[in-house]
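> Below are the chains, spelled out letter by letter.
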Amino acid sequence: MKRIILALIIGCSGSLSSQESKLTVSNYSTYDFHGILIATPLGSCYPMVSISGPAVPNELVVPAGTVYGLSSYPSATGITSFLVQTSATSPAIPRAPSHPSLSPPSGIATMTDWRHTKFQMYFAGTSVPVSSGGTSVPETYFNGNLGDGTNSCWLGDSYISTTYGDAEFFKISSGGITYSYINIY
Amino acid sequence: MKKIFPIFCLFLSVSAFAQQSTLVINNYTIYKLTGRLRANHVTNCVPELYMGNTMASGNFTIPPTTTATYEKYYTANVAPIPVNDFLVRMSSTSPATVLPYNHPNVISISPTTDWRFYAFDVRDNSSPNTVYDSFQIGISSCGATYPTYQLGSVSETEWFTISSGGTAFTYINIY
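So the sequences go chain by chain: A and B. Going by my numbering, the first sequence runs without a break in its numbering and finishes at 522. Going by my numbering, the second sequence runs without a break in its numbering and finishes at 176.
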């Protein structure tokens, strides 16, 4: 038992002190993914780094059949600014990916990780959400709250199944690097 | 087993709140910071401890583009920017006295106090009498209310905490 606890402590320390995971959003569906993505520390809501307005872009769009990769905040492609809120009493401020708070050894860069996405699927190439009747009425299918299971700020299943497809959010650690996967089928 | 792991991690994070956090001050600016920091009891005002404006350590100064890290009060002497003594008040009826970093009272208040307030000036590095910005920032306590974010004329500052891997961190960033 002592050994298990020790191993757990070492495991926790190791996994928690490692930096932001490499994110891959794989959209295998025939719909476009439109979502905001949220990174937080484990066990708390702040500091929060997100792809959401008023930062630019205000949502991540992954077109049907494409993959979006984001290996670190500073190297993010297609991101003009991240929305960074350091505490509940501080304002959320758009920060360029090159801002020093988003690069190691900054605590925001090393201790936050992607844990949640709020997303909706749209008919490919349009601004029309996928709805139950194929109309422009926003609907609940795929109007997803999807989490990696470690988020303490939002309730979000790590697996969503709808009549239009499935979505899942999971992490894999390999060779000291953690990968976050969001898959839409 | 899978469930035990995150619970245990959460437990470690929560338990870390009960101790003095590791202080990290990131001065990303080209300016020099001078000021003083206060730590106090996490629910009461006293004991309280000030860093800066004490005899042997002088003004607490952070050079441009420098990170200052302090794990505990009683290891501040070996920090990149060493601090050798603190102004400490143990109770509301006792006077504040300058104590060395390794004084038993400094060690004894470490588990029950934490960083709460930083009052500082943003000064020109080569002509330090030129003050560009003055900030008071921190976590509100002792009847006073301080912002956790402030925007000045040449700089901005923010105060926040992160708990990770069993260690709580207090961050003060100046951009």
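Mixed in with the good hints there might be a few duds.
Stated by the list, open to error - Not the full set, but computed from the structure, chain B residues with beta-carbon under 7 Å of chain A:
#1 Tyr29
#2 Cys143
#3 Tyr147
#4 Thr149
#5 Tyr150
#6 Glu159
#7 Ile163
#8 Ser164
#9 Ser165
#10 Tyr172
As the list claims (entries may be wrong) - Some residues of chain A that are not near chain B, with every Cβ distance over 12 Å (derived):
#11 Pro384
#12 Ile430
#13 Pro437
#14 Ile445
#15 Thr447
Keep in mind the hints are simulated off the structure, nothing from the lab. Glycine included, C-beta positions come from ideal geometry on N, C-alpha and C.
> For each hint, tell me whether it holds in the structure or not.
Structure-based check of all given hints:
1. Tyr29: holds, 5 Å
2. Cys143: violated, 16 Å
3. Tyr147: At about 9 Å, which exceeds the 7 Å cut-off, the nearest Cβ of chain A leaves the hint on tyrosine 147 of chain B violated.
4. Thr149: holds, 4 Å
5. Tyr150: holds, 4 Å
6. Glu159: Glutamate 159 of chain B check passes; min Cβ-Cβ to chain A is 5 Å, inside 7 Å.
7. Ile163: holds, 5 Å
8. Ser164: holds, 6 Å
9. Ser165: OK, holds: serine 165 of chain B within 7 Å of chain A, min 4 Å.
10. Tyr172: Holds: closest Cβ of chain A sits about 5 Å from tyrosine 172 of chain B, inside 7 Å.
11. Pro384: The assertion about proline 384 of chain A is violated, with a minimum of 6 Å to chain B.
12. Ile430: violated, 8 Å
13. Pro437: Not fine: 5 Å to the nearest Cβ puts proline 437 of chain A too close to chain B.
14. Ile445: violated, 8 Å
15. Thr447: violated, 8 Å
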